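For the protein sequence lines, the chains are A and B, in the order given. First residue of the first sequence? That's 1 in my numbering, and the numbers climb one at a time after it. First residue of the second sequence? That's 1 in my numbering, and the numbers climb one at a time after it.
Check each hint, because a few of them may be wrong.
What the hints assert, rightly or not - Under the rule of at most 25 Å between Cα atoms (straight-line distance), these lysine-lysine pairs were calculated in the DSS-like manner: (1) K175/B - K38/A; (2) K175/A - K38/B; (3) K38/B - K175/B; (4) K38/A - K167/A; (5) K175/A - K38/A; (6) K38/B - K38/A.
Since the hints were made in silico from the structure, they are not lab data. Predicted model only: the values in this text are computed from it and were never measured.
2 protein chains.
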Amino acid sequence: MSTLTHQGFTLWLTGMSGAGKSTISDALMERFRSAGAKVELLDGDIVRTNLSQGLGFSREDRDTNIRRIGFVSELLSRNGIIVVVAAISPYRAAREEVRARVTNFVEVHVDCPIEVLAKRDVKGLYKRALAGEVANFTGISDPYEAPLNPEVLVRTDLETLDESVGKVWSELTRKGLISPND
Amino acid sequence: MSTLTHQGFTLWLTGMSGAGKSTISDALMERFRSAGAKVELLDGDIVRTNLSQGLGFSREDRDTNIRRIGFVSELLSRNGIIVVVAAISPYRAAREEVRARVTNFVEVHVDCPIEVLAKRDVKGLYKRALAGEVANFTGISDPYEAPLNPEVLVRTDLETLDESVGKVWSELTRKGLISPND
Numbered sequence: 001m002s003t004l005t006h007q008g009f010t011l012w013l014t015g016m017s018g019a020g021k022s023t024i025s026d027a028l029m030e031r032f033r034s035a036g037a038k039v040e041l042l043d044g045d046i047v048r049t050n051l052s053q054g055l056g057f058s059r060e061d062r063d064t065n066i067r068r069i070g071f072v073s074e075l076l077s078r079n080g081i082i083v084v085v086a087a088i089s090p091y092r093a094a095r096e097e098v099r100a101r102v103t104n105f106v107e108v109h110v111d112c113p114i115e116v117l118a119k120r121d122v123k124g125l126y127k128r129a130l131a132g133e134v135a136n137f138t139g140i141s142d143p144y145e146a147p148l149n150p151e152v153l154v155r156t157d158l159e160t161l162d163e164s165v166g167k168v169w170s171e172l173t174r175k176g177l178i179s180p181n182d
Numbered sequence: 001m002s003t004l005t006h007q008g009f010t011l012w013l014t015g016m017s018g019a020g021k022s023t024i025s026d027a028l029m030e031r032f033r034s035a036g037a038k039v040e041l042l043d044g045d046i047v048r049t050n051l052s053q054g055l056g057f058s059r060e061d062r063d064t065n066i067r068r069i070g071f072v073s074e075l076l077s078r079n080g081i082i083v084v085v086a087a088i089s090p091y092r093a094a095r096e097e098v099r100a101r102v103t104n105f106v107e108v109h110v111d112c113p114i115e116v117l118a119k120r121d122v123k124g125l126y127k128r129a130l131a132g133e134v135a136n137f138t139g140i141s142d143p144y145e146a147p148l149n150p151e152v153l154v155r156t157d158l159e160t161l162d163e164s165v166g167k168v169w170s171e172l173t174r175k176g177l178i179s180p181n182d
């Protein structure tokens, strides 16, 4: 019943807390599922519970967490499954390591200026981090290394959700990873 | 080009060290691959490296390791992929937890009397364990809880490799999880 032909690939959404990774990945999941695609979501929380309980937020622990997500993404992608990953994944080297390993890796930088994030601050985390109350907070007390050349750059302060999702969809189409069944 | 139609399922080989889990799973992998099936092997060592580095051999750590293998098996199986797991997985409760979670879970008890294992002792581990030199050694200084009602029981001291593989293959066919394309 699929209205979409697709290959296996991993759509990797990286970006700071609150930038919109989960919102965009949820919208993408909905669109993939409606089209009958085989797709799995690996978001940061699911993975911390199921694969990485006990790991913290040091660079080493974050890298280990990313490698595990990469391992699972590889197993799924090479078998024709679409994987959507939503994870801060702040270190460039760890993302590049996953890219080298995973069949059809598509990096999406979910970007938003920190001033806007601090203003939105849905969970009140930025206020606390800016007050120095949160250790290892990406973008404030911990680095965020933005992708230098991501396949897709979305700016959630300047675009609507539909526009961001549309940019990702276009890139997947352009690469031949998805194609509609007429 | 597949000569085999198959569903997604997880073939879970449990048994003591040296009983023959890897030998049987390698033979099964070869047979699945020759038939063009989509299949992944998760063996104890691969998983310890990629998902469970840092975990030890306490009951808690072993259970965590098994849950992680179960999580990955579930993601693959529900997308139509065959997963072959070769892991000692000594605790019944942990295996039952995975069974409850995974689409089409097929448990294979790779059984061999401990006297025979101690006599084979390819890696010299039983000798050391029986001398009290290895902590947490399954079947000697740590428990092995045999499955009460596995889908397949193979006895590697009494059967040839081909016979054991054949028993697994028959059970998969009987359950309708695999069927040859004529």
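Evaluation of the provided hints:
1. With a C-alpha separation of about 24 Å, the suggested pairing of K175/B with K38/A holds against the 25 Å cut-off.
2. About 24 Å separates the Cα atoms of K175/A and K38/B, which keeps this hinted pair within 25 Å; it holds.
3. Straight-line distance between C-alpha atoms of K38/B and K175/B comes to about 18 Å, which keeps the hinted pair within the 25 Å bound.
4. A threshold of 25 Å between alpha carbons decides the hint, and for K38/A with K167/A the separation of about 21 Å falls inside it, so the pair holds.
5. At most 25 Å may separate the alpha-carbon atoms for a hinted pair to count; K175/A and K38/A meet this at roughly 18 Å.
6. Of the supplied pair hints, the one linking K38/B and K38/A holds, its CA atoms being roughly 14 Å apart against a limit of 25 Å.
Violation of the numbered hints given earlier is absent; every hint is satisfied by the structure.
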